[in-house]
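Now for the letters of each chain:
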Amino acid sequence: MDRKSRHKQMLEDINYCNKMINFYNCPYAKQYWINLFNIKMQEALKELEAPETKEDTAREPKKQFTLEELAKYDGSMGKAAYIAVDGIVYDVSWNSCWGGGTHFGLLAGKNFTEEFKKGHMNDVGVLKELPVVGVLKQ
Amino acid sequence: MEVIKLVEEAIDRVKEGNGAKINFIWIEANGCAGDIISFLNADEPDALYFLKEMVNLKYSPSLMQAEGERAYEEFLETLNTDFILGVEGSMTNVENGFYDIFAYYKGKTVSVAEAVAKAAEKAKHIIAIGTCAAFGGISAARPNPTGCTSLSVFLGKQVVNVPGCPANPLWVMGTVASLVLYSKVEVDDKGRPLMFFKDTNHINCERRSYFDNKINAQKLGDKECMFKLGCRGPVTKAYCPIGRWNSRINWPVGDNTPCIGCANEYFPDGSEPFVRY
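Quick note, the sequences are listed as chains A and B, same order. Under my numbering, the first residue of the first sequence is numbered 1, with each subsequent residue one higher. Under my numbering, the first residue of the second sequence is numbered 1, with each subsequent residue one higher.
Simulated from the structure, these hints should not be mistaken for laboratory data. A hint or two may mislead.
[As the list claims (entries may be wrong)] List of simulated lysine-lysine pairs, PhoX-like, C-alpha gap at most 20 Å:
| # | chain 1 | residue 1 | chain 2 | residue 2 |
| --- | --- | --- | --- | --- |
| 1 | A | K40 | A | K19 |
| 2 | B | K184 | B | K198 |
| 3 | A | K79 | B | K122 |
| 4 | B | K223 | A | K79 |
| 5 | A | K79 | B | K219 |
| 6 | B | K122 | B | K219 |
| 7 | A | K72 | A | K62 |
| 8 | A | K8 | A | K62 |
| 9 | A | K128 | A | K63 |
Could you put together the complete structure from these sequences and hints?
Right under this line is the structure:
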């Protein structure tokens, strides 16, 4: 099941354990539900720290951009600024380095795979910070 | 206790009197001489205070009285003393430094490259004044026909970089003051004094709440954030929103024009276009 329903189930389990702890008078039953409650809480905390798994994001439909559609998002006249690198389309509208939708003389709304490789040879990690809005239609 | 020590130190230095002032050589390399002109606009302390109280300005092509060969001789004499070297404009060594001549002396041509190399060997401290000297700047912009490089690259060692196009007189004055008083200045990994180049212009911009709420100016002259018009404030480390320009009166954003990132390492190629509609 996906992330949201997984989290919902976890929350329901924890609340149920809580109810059972209060319901039983028998100390052994109480202890059983307390232990179960602790286990469920540990799992929930681990889940909070875990990053989104690939399967979750892979399920969401990715918007496809042709080069003409991408060209509309060039950052001019207050429009959003999108760029494509290696087939993935990123939103650079509010990235510090892309003021006015421009970067080192390049205008947004294009495929910059080659320019990126040349300009960021040693620093491919910058792409991880950018929000993804879709993929480039091949 | 620190403050009392500093005050006592300051009083001692004052008592020592003018005899202990260090010399200063200001060389104008391949640039527009904008930094020395900007420096004359210094205010509290002003250029007169600099000349009278802070250093002995022994060589400056724009300000010194001597001319021609006599000026070059004054330069040579100062090399044998304690001095701080300040260079504005970028360095070119192409074709034996033909594109930037320092002096004609006794029938020989002395290039700026030669003179700076000589001075840099003997200088107590070296400051690269302005973006051209610090990082190459406009002189080294594409296609760079004169093969200009920054002072650090030319000398092969890190110097104190005070970028800006031109360098704000406050930044130059503060850096020299730190060197005169403490013989050092705290710098970042690119050699820029931390007291002026720690934060970006974006951090203290008066239009920051417009940016944070994504309210954009539609055209130059609007009062909202100009990021979408091409403002380079977020990527430019400098002191402009705080120390400002022209006796602390204003700075570009305060005057309704976006920051062009003139103190950036990649100015101007990395800052273009300055305005985007």
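How the hints compare with the structure:
1. A:K40 x A:K19: Judged against 20 Å, a Cα distance of about 14 Å means the pair holds.
2. B:K184 x B:K198: 17 Å, holds
3. A:K79 x B:K122: Violated, because 55 Å separates the two Cα atoms, which is more than 20 Å.
4. B:K223 x A:K79: Holds - the C-alpha atoms of K79 of chain A and K223 of chain B are around 19 Å apart, at most 20 Å.
5. A:K79 x B:K219: 13 Å, holds
6. B:K122 x B:K219: 52 Å, violated
7. A:K72 x A:K62: 18 Å, holds
8. A:K8 x A:K62: 25 Å, violated
9. A:K128 x A:K63: Judged against 20 Å, a Cα distance of about 18 Å means the pair holds.
Of the hints listed earlier, those the structure fails to meet are numbers 3, 6 and 8, in rising order.
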